[in-house]
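Participant: Chains as they are written, first to last, in this note's numbering: chain A, 736 to 1235; chain B, 736 to 1235.
Please note that the accuracy of each hint is not assured.
Identical copies carry no separate label here, and so any pair may be met within one copy or between two of them.
As the list claims (entries may be wrong) - Each computed DSBU-like pair below joins lysine-lysine, with the alpha-carbon atoms no more than 30 Å apart:
#1 LYS803 with LYS835
#2 LYS1031 with LYS808
#3 LYS834 with LYS808
#4 LYS1138 with LYS1014
The hints are simulated quantities; they were obtained by calculation from the structure and are not laboratory data. Note that the structure is a prediction, hence the values are computed from the model and not measured.
2 protein chains.
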Amino acid sequence: MQTNVDNYAFMEHKLVVYNTLTRKKEQFIPLHTPNVGMYVCGPTVYGDAHLGHARPAITFDLLFRYLKHLGYKVRYVRNITDVGHLENDADSGEDKIAKKARLEQLEPMEIVQYYLNRYHQNMEALNVLPPSIEPHASGHIIEQIDFVKRILDAGFAYESEGSVYFDVEKYNKQHNYGKLSGRNIEDMLETTRDLDGQTEKRRSVDFALWKKASPEHIMRWPSPWSDGFPGWHLECSAMGTKYLGDEFDIHGGGMDLIFPHHECEIAQSTAALGKETVKYWMHNNMITINGQKMGKSLGNFITLEQFFTGNHPLLEKAYSAMTIRFFVLQAQYRSTVDFSNEALQAAEKGLQRLMEAYTRLQKLQAGATTTVDIAGLRERCEQAMQDDLNSPIVIAHLFDVAKSINTIYDGKAYISAFDLTELKETFKLFIEDILGLQTETEAEGGNSDAYKGAVDLLLQIRQDAKANKDWATADKIRNELAALGFEIKDGKDRVEWGLK
Amino acid sequence: MQTNVDNYAFMEHKLVVYNTLTRKKEQFIPLHTPNVGMYVCGPTVYGDAHLGHARPAITFDLLFRYLKHLGYKVRYVRNITDVGHLENDADSGEDKIAKKARLEQLEPMEIVQYYLNRYHQNMEALNVLPPSIEPHASGHIIEQIDFVKRILDAGFAYESEGSVYFDVEKYNKQHNYGKLSGRNIEDMLETTRDLDGQTEKRRSVDFALWKKASPEHIMRWPSPWSDGFPGWHLECSAMGTKYLGDEFDIHGGGMDLIFPHHECEIAQSTAALGKETVKYWMHNNMITINGQKMGKSLGNFITLEQFFTGNHPLLEKAYSAMTIRFFVLQAQYRSTVDFSNEALQAAEKGLQRLMEAYTRLQKLQAGATTTVDIAGLRERCEQAMQDDLNSPIVIAHLFDVAKSINTIYDGKAYISAFDLTELKETFKLFIEDILGLQTETEAEGGNSDAYKGAVDLLLQIRQDAKANKDWATADKIRNELAALGFEIKDGKDRVEWGLK
Chain A
736 MQTNVDNYAF MEHKLVVYNT LTRKKEQFIP LHTPNVGMYV CGPTVYGDAH
786 LGHARPAITF DLLFRYLKHL GYKVRYVRNI TDVGHLENDA DSGEDKIAKK
836 ARLEQLEPME IVQYYLNRYH QNMEALNVLP PSIEPHASGH IIEQIDFVKR
886 ILDAGFAYES EGSVYFDVEK YNKQHNYGKL SGRNIEDMLE TTRDLDGQTE
936 KRRSVDFALW KKASPEHIMR WPSPWSDGFP GWHLECSAMG TKYLGDEFDI
986 HGGGMDLIFP HHECEIAQST AALGKETVKY WMHNNMITIN GQKMGKSLGN
1036 FITLEQFFTG NHPLLEKAYS AMTIRFFVLQ AQYRSTVDFS NEALQAAEKG
1086 LQRLMEAYTR LQKLQAGATT TVDIAGLRER CEQAMQDDLN SPIVIAHLFD
1136 VAKSINTIYD GKAYISAFDL TELKETFKLF IEDILGLQTE TEAEGGNSDA
1186 YKGAVDLLLQ IRQDAKANKD WATADKIRNE LAALGFEIKD GKDRVEWGLK
Chain B
736 MQTNVDNYAF MEHKLVVYNT LTRKKEQFIP LHTPNVGMYV CGPTVYGDAH
786 LGHARPAITF DLLFRYLKHL GYKVRYVRNI TDVGHLENDA DSGEDKIAKK
836 ARLEQLEPME IVQYYLNRYH QNMEALNVLP PSIEPHASGH IIEQIDFVKR
886 ILDAGFAYES EGSVYFDVEK YNKQHNYGKL SGRNIEDMLE TTRDLDGQTE
936 KRRSVDFALW KKASPEHIMR WPSPWSDGFP GWHLECSAMG TKYLGDEFDI
986 HGGGMDLIFP HHECEIAQST AALGKETVKY WMHNNMITIN GQKMGKSLGN
1036 FITLEQFFTG NHPLLEKAYS AMTIRFFVLQ AQYRSTVDFS NEALQAAEKG
1086 LQRLMEAYTR LQKLQAGATT TVDIAGLRER CEQAMQDDLN SPIVIAHLFD
1136 VAKSINTIYD GKAYISAFDL TELKETFKLF IEDILGLQTE TEAEGGNSDA
1186 YKGAVDLLLQ IRQDAKANKD WATADKIRNE LAALGFEIKD GKDRVEWGLK
């Protein structure tokens, strides 16, 4: 996809996004047009990515692609959490990565590298574009220590036994802790108690900025307070502002991160910098399974690898990466998506139908005039995208026109040369560039053209055989191709094929 | 490839490697069997990888694969240099990445991410296995500052105007600066002069451990001496010992890194830790082009991408990643390899011949007895590998047996079931697991089996047509397949095909 800042599409567009902070849809106006800064919370790399990880990746990939289409120069930062994320997402317990390393007798960074490589493979299969910068939390300890110092200097944190905690109550007197999540701090202060013996903290709502490492803790760095490690929320404040500046446009992530993670991030940045950092907070909704959030901590997840291979008791079959992508895009990102085999198989069929129409579109011959209603497709798709990335509506518009393509293909309607060119461009723009869908053979790459040609040739010979009443040869070709996994569809005056 | 530490192959092997430090071949005995620690200098990510980068990657991939085959548990660390590598590999000049960032108006880490992603794609195409840990220099500033402190404490460095330099002369009084490269420090001290006005340094042989950043320098971190950045040589000392311990087995890299980079690394580690860190120093020789080292700084390089596409004035055609890999493996790693189209085309043909025999091997039928001389192939290949990774000899042994395979395939000789099984295992072990060669269609992945089956079917129908004297159909199939890019070879009682 071309990023053409000369076309100034961004001066005309009316992109509207839902801002979690203001709880309403707002027009998207960047701080420094034509540049857009976008930060999205990436994975904690201590296990295989599951469907719940695919959704934010695909959602913000859609946004990244769309912003580039509008002509913006986007700096997209998606972090890798490789330290400081403790079990139960809390201030105590073992580091998730160190625990996995201990169990597998590996250096923590071997765990990180292993799962990071697999995450990248999954993202590539899903056709999720790599972000501009992918910073690691463990690679930004100095920046995080510096951030703690600034919060301490501003008076919103306190040191306790080598650790440093954020003073939520004090912060809330001047600012609003809870502004993002809508939680009420008074309620939290009343209902929470220090049950787990964490006497270092003044209040249980306080959260760690720096934790002193216990003697057996491997991942540790020197700091003014102790040999230790940063709190989980800190990395995003430190790395977001390092690479995007003290104020930037978009911060994204899953809804489950709104509290405490993003709430704490706002508090940290506001405390350290004296101002709000993020203009638009955007959150994708969850993938559910039997109505419950799919998550690693809940143990009810299906990994992407398992989807791709079908190797999980809940899966009736394997689902390709493009089916998963289409399944996710078939819902607007703020709706929940419930996993089921039926829904996935419907997505698979839908994707196949759409891509078939897209393939047929390439083969259409222009007629003298257009006899189907395909006007305004581009505008309707743009409108849907501009309404808070309404990808299901885009897909619905494409399906409408797919029907017309099939009618023209069957010789029952016509399309003019002008309309055909426009239609091809629009389909390419939305299917490939913005929705990021690929035909499965494209994804495989390689010499597929030669091989496809060989299959075409086989089918042509079958047609010749039929014409010569050589039924044996014709049947042999059909049966053997079927045995190899090909599906053959005999049309009125054409034969189509695909791989099952 | 399976890593089976229970087979204790490592207790019996006689692997011998050339140690640059002692200038002789030595038996390989790890410090902590069955664990092996290996550190290899990776790329500075400010441009596309070229053929000169492929050689160390493939060389140490071969070693990594072979050590795993011997049953060792290998922790393989290959770093990413994303800061501190100044132009001309010297202590002054602009940071290579920052310069590129300035020219392209990007954040330095965007440059790093972009070229790192492309490097990973290249490595995957070359079937180079990912290392266990891939640490970034910029992610280990604290560790590097700590290392400088230790060298200062030991008295082998001095601070000067916010920068810290290694005191080579003082170090050489107690240790041997030049032990790896064989350079004589007295000569260096006599012949070098401070011509470039670097008055901060006491001697021009001294090298920077920490550099104070000039005001316009973007990549900078706080330190006890100044806001600045680490010297280029420091990262490997700091990250190698962090992930592999104060003493570890193997340090690898290209021969061009022996001086100053690895010489300085030895000095740094010895100064900080009071002992030698690395047991075996291994260096691959260079790729030359018209007799000159191929290198980014010399501007005479051809990138891997250019090889894969053929898009370079010096290239007569495109060369696949597997051809490049085979070309590199056809020379022992300590020999020079001179680039030429002839040599690459010879490698391409050789690889094709070898892989064709490997494919035929799978189709052989066992006979009652063996009438060809294929005994001892496995042992001979092992011996060649154990003699300092002599991959060209392994390949020669495989070629010898490839001839026998072809003879059996043509029905002119026989192989017993026992020998056939052994031969299949040995070919798989050396071709796939150790040399890391893949057939091109394997590399493409996907539904290649179905497509190959379709081509087989076409050729079968062509044979039927011939048998029925239906020359028109037979010719049509042959001609159209040729037009699609297939090569058809009519054998005595079989037809073979491949993609051009």
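Participant: With reference to the structure, classify each hint as holding or not holding.
Facilitator: Structure-based check of each hint:
For a Cα distance limit of 30 Å, the shortest separation of LYS803 from LYS835 across copies, 23 Å, qualifies, whereas the shortest one inside one copy, 38 Å, does not. Taking the shortest Cα distances, LYS1031 and LYS808 sit within 30 Å of each other only across copies (29 Å), while inside one copy they are farther apart (34 Å). With identical chains, the CA atoms of LYS834 and LYS808 are at most 30 Å apart between copies only, with a shortest distance of 20 Å across copies and 40 Å within one. In this assembly of identical chains, the alpha carbons of LYS1138 and LYS1014 never lie at most 30 Å apart, being 41 Å within a copy and 69 Å across copies at closest.
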